[in-house]
Amino acid sequence: MINKVVVTAAEAVADIFDGAKIMIGGFGEAGSPIELIHALIDQGAKNLTVISNNTGNGHVGLAALIENLQVKKMICSFPRTAQSVVFPELYAKGMIELELVPQGTLAERIRAGGAGIPAFYTPTTIGTPLAEGKEIRHIDGKSYVLEYALKADFALIKCKTADRYGNLLYNKTARNFGPIMCMAAKTSIVQTSSLVEPGEIDPENVVTPGIFVKRVVKISNPLSENQLLRENRRYPW
Amino acid sequence: MVNIKGWSNDEIARKIAIDIPDGSYVNLGIGLPELVAANIPEGKEIIFHTENGLLGVGPPPPPGQEDDELINAGKKPVTAIPGACFFHHADSFAMIRGGHIDYCVLGAFQVSESGDLANWSTGELNAIPAVGGAMDLVAGVPNIFIIMQHITKTGQPKIVRQCTYPLTGRQVVKTIYTNLAVIDVTPHGLEVREIHSGMDRETLQNLTEASLSFRS
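Taken in order, these protein sequences are the chains called W and H.
Per this note's numbering, the first sequence starts with residue 780, numbered consecutively.
Per this note's numbering, the second sequence starts with residue 19, numbered consecutively.
In isolation and in its complexed conformation, chain W is listed as follows (with noise of 0.2 Å):
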């Protein structure tokens, strides 16, 4: 029998291990799996490589994973928003690396980790500062630089509504990279609001199918990042 649910956030990230690398969901607010990261920072790994499109708010999820020191690289296209202060700290004190991506170069660099692709020719930054160094191609009068595929050895992400296969449906703009950062890790990871019997999400409408998830953890009631943004919480709490 095929059952990928377990029971626990902690359970969940236990074997993550220091040195990982690994993707994390989510486009600021929207599809940040709070508790998968929180569970990650009470489990401890170190020297991790995180992949996310930016670097946290406030001092919760992403931005706490990274105040406590356990990651020594960020892949990433937006690194400071309005509400980022952690990240920017660190980078000034030369704490942290950062790979800087753009967003559609980052995405498609995922897809084809997934898809078994290597790399890949795009027409992105083609006659600026990020295309330095990289091979250009010239194909059909167009120049392009070469991109190599993202991997990851795990994936966190969040999900609205998931079976023990591990097919998932997502909510609205929180699907941002969940799909993709599913299929590029080894082991993906995923909290679901809900949790339904095999047959209940219509086989026409599963977003995500099940073949690229290992994990699926419910929470029930994440929590809201914007919320504790508010109440000026931090973590560990």
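Hints were generated in silico from the structure; no laboratory data involved.
One thing to keep in mind: the hints can contain errors.
Said to hold, decoys possible - When the alpha-carbon atoms are kept at most 16 Å apart in a straight line, the in silico EDC-like pairs for lysine to aspartate or glutamate are as follows:
#1 951(W) / 85(H)
#2 171(H) / 209(H)
#3 852(W) / 821(W)
#4 951(W) / 84(H)
To be verified - Where chain H lies over chain W, by a calculated footprint (3+ residues, C-beta under 8 Å):
#5 785-792
#6 897-907
Unchecked claim - What follows is a set of in silico ranges between Cβ atoms, one per label pair, in the way DEER data are often shown:
#7 920(W) / 56(H): 35 to 43 Å
#8 83(H) / 990(W): 34 to 42 Å
#9 100(H) / 974(W): 40 to 48 Å
#10 981(W) / 76(H): 23 to 31 Å
#11 794(W) / 179(H): 51 to 59 Å
#12 981(W) / 100(H): 19 to 27 Å
#13 982(W) / 100(H): 24 to 32 Å
#14 56(H) / 861(W): 17 to 25 Å
#15 976(W) / 59(H): 48 to 56 Å
#16 917(W) / 143(H): 31 to 39 Å
#17 37(H) / 864(W): 17 to 25 Å
#18 143(H) / 921(W): 28 to 36 Å
Beta carbons are placed, not taken as given, at the ideal position from N, Cα and C, and that holds for glycine.
Take the given structure of chain W and dock chain H to it, following the hints.
Frame of chain W; chain H shown alone:
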């Protein structure tokens, strides 16, 4: 320094909204470009795309009805129109890079006379670089419109011969809409299509580093 206010931001946005054809798929950058959505003339149907995964962005929700998981690229709460759809980031940027989005409106630090755009970094040494989707947008969307003030707050020209800030893309801008003029980037340089009534050609040229020609 010449003190000309020129058109308001809404008036500039309105000009852009008029120039975008009915039925277009449009991506709006963060900040000033967002004003275009509210200025679309009655009867025109435009579908707005936001790169974090929504086609059919609607107006902001009424206070109290914000949804943390329904936001735009600027991470502000939005709504979804009837007929909207959600998708993941790789699909979203396939729409952009694949040339499926017709128009994109962006802000700028500098635009050069050949249509080079600098809008992601001022190149300061200790600043944290952040690029987001800007480079993908200019690489993939065929019509890039710029909305900006004609000069900086300190009076420096923003329309220049060559950008001094790091580029977002080379030869990508189609039209520049400022508070003082509407300027097309053409194969033979910058051509002023419309000039604010309080402006004369000489003053406009003095506020512009790149040389302008005027469509008579």
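Going down the list of hints, with the structure as the test:
1. 951(W) / 85(H): Holds, at roughly 9 Å.
2. 171(H) / 209(H): violated (24 Å)
3. 852(W) / 821(W): Between residue 852(W) and residue 821(W) the Cα gap is close to 19 Å, so the pair fails against 16 Å, i.e. violated.
4. 951(W) / 84(H): holds (13 Å)
5. 785-792: With 0 residues closer than 8 Å to chain H, the segment 785-792 of chain W misses the three-residue bar; violated.
6. 897-907: holds (count 7)
7. 920(W) / 56(H): 35 to 43 Å: Hint holds: Cβ distance 39 Å, inside 35 to 43 Å.
8. 83(H) / 990(W): 34 to 42 Å: Check passed, 37 Å falls within 34 to 42 Å.
9. 100(H) / 974(W): 40 to 48 Å: violated (30 Å)
10. 981(W) / 76(H): 23 to 31 Å: holds (26 Å)
11. 794(W) / 179(H): 51 to 59 Å: holds (58 Å)
12. 981(W) / 100(H): 19 to 27 Å: holds (21 Å)
13. 982(W) / 100(H): 24 to 32 Å: holds (25 Å)
14. 56(H) / 861(W): 17 to 25 Å: The hint (17 to 25 Å, Cβ to Cβ) holds, given that residue 56(H) and residue 861(W) are roughly 22 Å apart.
15. 976(W) / 59(H): 48 to 56 Å: holds (50 Å)
16. 917(W) / 143(H): 31 to 39 Å: The hinted range 31 to 39 Å holds for residue 917(W) and residue 143(H), with Cβ atoms some 33 Å apart.
17. 37(H) / 864(W): 17 to 25 Å: violated (40 Å)
18. 143(H) / 921(W): 28 to 36 Å: With a Cβ separation near 33 Å, residue 143(H) and residue 921(W) satisfy 28 to 36 Å, so the hint holds.
In this structure, the hints that do not hold are numbers 2, 3, 5, 9 and 17, in rising order.
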